[in-house]
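Go ahead and model the full structure; you've got the sequences and the hints to work with.
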Amino acid sequence: MLEAMIDMGRTLLRDSDLLSEKVKKLDSVTPKGEKRYVVKFNFCLEEKRLEMDIEEIGSQTAAKYVLLDREGGPNNPQWYITFEKCDSLISQSLPNFLKKLEEGILRKQISEILQTFFKDLGVDVDCKYRYVLDIQKCFGYSQSVEDILKVEKKINEKNACKNVVLSIAAEIVKLCIKKFEIRKEQAGLFTILIDGIALAQHPLYKKIIGQSLAERMVDGSVMGLVCSCCGSDEGCTSDLRDISIKYYTTNQCIFAHKLNHKNYDKNFVLCKTCYESLLAAEKFVKKELRSRIADFDTYIIPHVLHGRNINGPVLKKLVRAIDPVIDRSRNLEEIQQFKNTVANWLDKINKEDGYSYLLNFLFYRQLNQATKIQKMIKDVQPSVFALIDRSLSQARELFEPFFTEKTYLHLRRDLKMIYYMHPIKLQDGNPAQYQRILNVYESLFYRRFLQTDQIFRNIAEVLRIIWRQRAGYNVSFTDPQYFAIKVLEAMFYLVFLQKFGALERKGGDQMVDYSIVANDELRNYLDAMKYSETQTAVFLLGVLIGSIGREQSSRSEEGTYKPVLNKINFNGMDQTRMMKLSVDIFNKLRQEKILRFVENIHYAHMYWMSRNRDSWDLNKDEGLFYLLAGYSFQTLKKKKKKEEGESTDEDNERTDTVSI
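-19 is the number of the first residue of the sequence shown in our numbering; add one for each residue after it.
Any given hint could turn out to be false.
Said to hold, decoys possible - Derived pair list, reagent style DSSO-like, types lysine-lysine, alpha-carbon separation capped at 27 Å:
no., residue 1, residue 2
1, Lys138, Lys108
2, Lys65, Lys138
3, Lys5, Lys187
4, Lys358, Lys5
5, Lys267, Lys4
6, Lys134, Lys154
7, Lys134, Lys20
8, Lys108, Lys15
9, Lys297, Lys266
10, Lys28, Lys138
11, Lys164, Lys15
12, Lys267, Lys252
13, Lys44, Lys2
14, Lys79, Lys186
15, Lys479, Lys547
16, Lys164, Lys142
17, Lys20, Lys44
18, Lys65, Lys252
19, Lys352, Lys266
20, Lys187, Lys108
21, Lys267, Lys226
22, Lys5, Lys297
23, Lys226, Lys2
24, Lys266, Lys2
25, Lys44, Lys134
26, Lys164, Lys4
27, Lys4, Lys352
28, Lys65, Lys267
29, Lys297, Lys328
30, Lys20, Lys2
Claimed, not checked - Label-pair distances were calculated between CB atoms; the ranges are:
no., residue 1, residue 2, range
31, Tyr426, Lys226, 23 to 33 Å
32, Glu165, Glu377, 19 to 29 Å
33, Tyr426, Lys405, 19 to 29 Å
34, Thr10, Pro543, 44 to 54 Å
35, Gln191, Glu161, 33 to 43 Å
36, Glu51, Lys12, 40 to 50 Å
37, Ser124, Asp275, 46 to 56 Å
38, Asn419, Leu94, 25 to 35 Å
What the hints contain is simulated information worked out from the structure, not anything from laboratory work.
Given the structure is predicted, the values throughout are model-derived calculations rather than measurements.
Built from N, CA and C at the ideal position, the CB exists for glycine as well.
This is how it looks when you write it as structure tokens:
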């Protein structure tokens, strides 16, 4: 992974420099599509006046005003001149920048700004909050800085100065909203001008940033070390403090050589060139290669093994080829357009463009200024995503004849589907138990077999959570009326795994004669699924439950009341429970007076049930799944078309819309 990152950084720095690569990416519109603006604080020294103006954010705005991440950790003093929030600009930025300047015009100008427009809260105050913009003098605010400080001290004396800065920053944002008639979210950037000239564009400002980056690397370098990547011994360091993606911990002695903090230089060392390359690659990955697989933030990092003229756009192209598999549109027409798209794109990249590469997946969680790695999946063949795409298409083609397009709109048919087939506890809206699902993604990417029992156990637990409406899980928000849809999604998931080759088909090559099932639609479905005799027996019992549910819901005002489902034990359906349920369902069919319409289905169910009484091969979770699969099929299947004057079984049963 690190080798891929450093190679990428070297590629980027061939046509650029570290400062340009460290510039952050800035969105020009809000999530609602509204334009975003740069708010410019213009200090007019001759008139001793502070003016505010705005400028529309464009594609080059971040580079123009040199928008960078914070320097160092969250407690480091900040001296940059452009931020996405204004609290640092109205407090610590100019005083800290002043310390870096030598005697000259710029130093005099900034000193004058601090004396004229800022309040000094005293030498005893933390340097981050000592100076604060005089909001009363600059904007005619009703309260002075001293008045605001008195109020904050009464509330929280320890953090009073910090809260003064935050309070004044909030008031300035309100002034911007009122003056420029924009929303808070539209104020996307704040910067400083002196007499109408942007300080961020001053040559001395960029020079000092470059010097600061170089000094931080020199300060950490140690003689006698050798780079772990390239073998160089020039300017090597193990102090990787500027790296924001935490590949390994450096603050616990248990991970250091011989349990000594001083021995981290024996763990991992980088020379100046490789360090700069890694920093450049990190920024590029964060700006351009971010993705999201289900609820997991992901960086997808290509490792180019062979290819010419590699640059940033080419690296993005290599990653975007697999987008349809990661997050596919639910529009059926677009799904058809995506068919075989991944395979075609990868084929063009490999054969026409001449690139050979692997993909690295870095699942992460952002914590303050650091990026905590949850899992790394390294050296994945891109061709596996063409196979995933093809397997999804094959599963769709298998299900398509039996279910309506309206039903398909509710189904997930991409890598998100896998996430929602696993019960995952949430904490503050984020997955807390994420290792199991990430291990499943790893197994799929490496084309390993999955454990059949674990797959069915996960599906059964997901269905229990939805049915019992248990809170705190990734599937807890599923509307109970879409329970049948969720079962269908689980059916689709299993077929996908079988087509992909990650799951063995139970029953192997067992040949089952479905001819005793008189219903053509049902017989064709069973033949397509290749269910074993035991699976078929349980599935048909679920179909009978679906028939009873239709009859019961037809008498309900809401059309969703199906008390027959209460007969199912959602803790699992083993053979004993299944036999008892079979008797109960037969009696219920007679009670509802619909036995004559489904008599053949009941006969086929009893035939395979009795035939496999002594060779039952389904555990309780598999039994529950195939029972609910039959129910879901009967609930969601296409309504049979009939010729004029011809009647069907559906004439005697209520045909549901998508419901429980």
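Now the hints, each set against the structure:
no., hint, in the structure
1, Lys138 / Lys108, "holds, 14 Å"
2, Lys65 / Lys138, "holds, 23 Å"
3, Lys5 / Lys187, "holds, 21 Å"
4, Lys358 / Lys5, "holds, 26 Å"
5, Lys267 / Lys4, "holds, 7 Å"
6, Lys134 / Lys154, "holds, 24 Å"
7, Lys134 / Lys20, "violated, 33 Å"
8, Lys108 / Lys15, "violated, 32 Å"
9, Lys297 / Lys266, "holds, 16 Å"
10, Lys28 / Lys138, "violated, 34 Å"
11, Lys164 / Lys15, "holds, 12 Å"
12, Lys267 / Lys252, "holds, 23 Å"
13, Lys44 / Lys2, "holds, 13 Å"
14, Lys79 / Lys186, "holds, 15 Å"
15, Lys479 / Lys547, "violated, 33 Å"
16, Lys164 / Lys142, "holds, 21 Å"
17, Lys20 / Lys44, "holds, 13 Å"
18, Lys65 / Lys252, "violated, 32 Å"
19, Lys352 / Lys266, "holds, 13 Å"
20, Lys187 / Lys108, "holds, 23 Å"
21, Lys267 / Lys226, "holds, 17 Å"
22, Lys5 / Lys297, "holds, 18 Å"
23, Lys226 / Lys2, "holds, 17 Å"
24, Lys266 / Lys2, "holds, 10 Å"
25, Lys44 / Lys134, "violated, 42 Å"
26, Lys164 / Lys4, "holds, 20 Å"
27, Lys4 / Lys352, "holds, 19 Å"
28, Lys65 / Lys267, "holds, 19 Å"
29, Lys297 / Lys328, "holds, 11 Å"
30, Lys20 / Lys2, "holds, 22 Å"
31, Tyr426 / Lys226: 23 to 33 Å, "holds, 24 Å"
32, Glu165 / Glu377: 19 to 29 Å, "violated, 44 Å"
33, Tyr426 / Lys405: 19 to 29 Å, "holds, 26 Å"
34, Thr10 / Pro543: 44 to 54 Å, "holds, 48 Å"
35, Gln191 / Glu161: 33 to 43 Å, "holds, 41 Å"
36, Glu51 / Lys12: 40 to 50 Å, "violated, 32 Å"
37, Ser124 / Asp275: 46 to 56 Å, "holds, 47 Å"
38, Asn419 / Leu94: 25 to 35 Å, "violated, 55 Å"
Checked against the numbered hints above, the structure breaks hints 7, 8, 10, 15, 18, 25, 32, 36, 38 and satisfies the rest.
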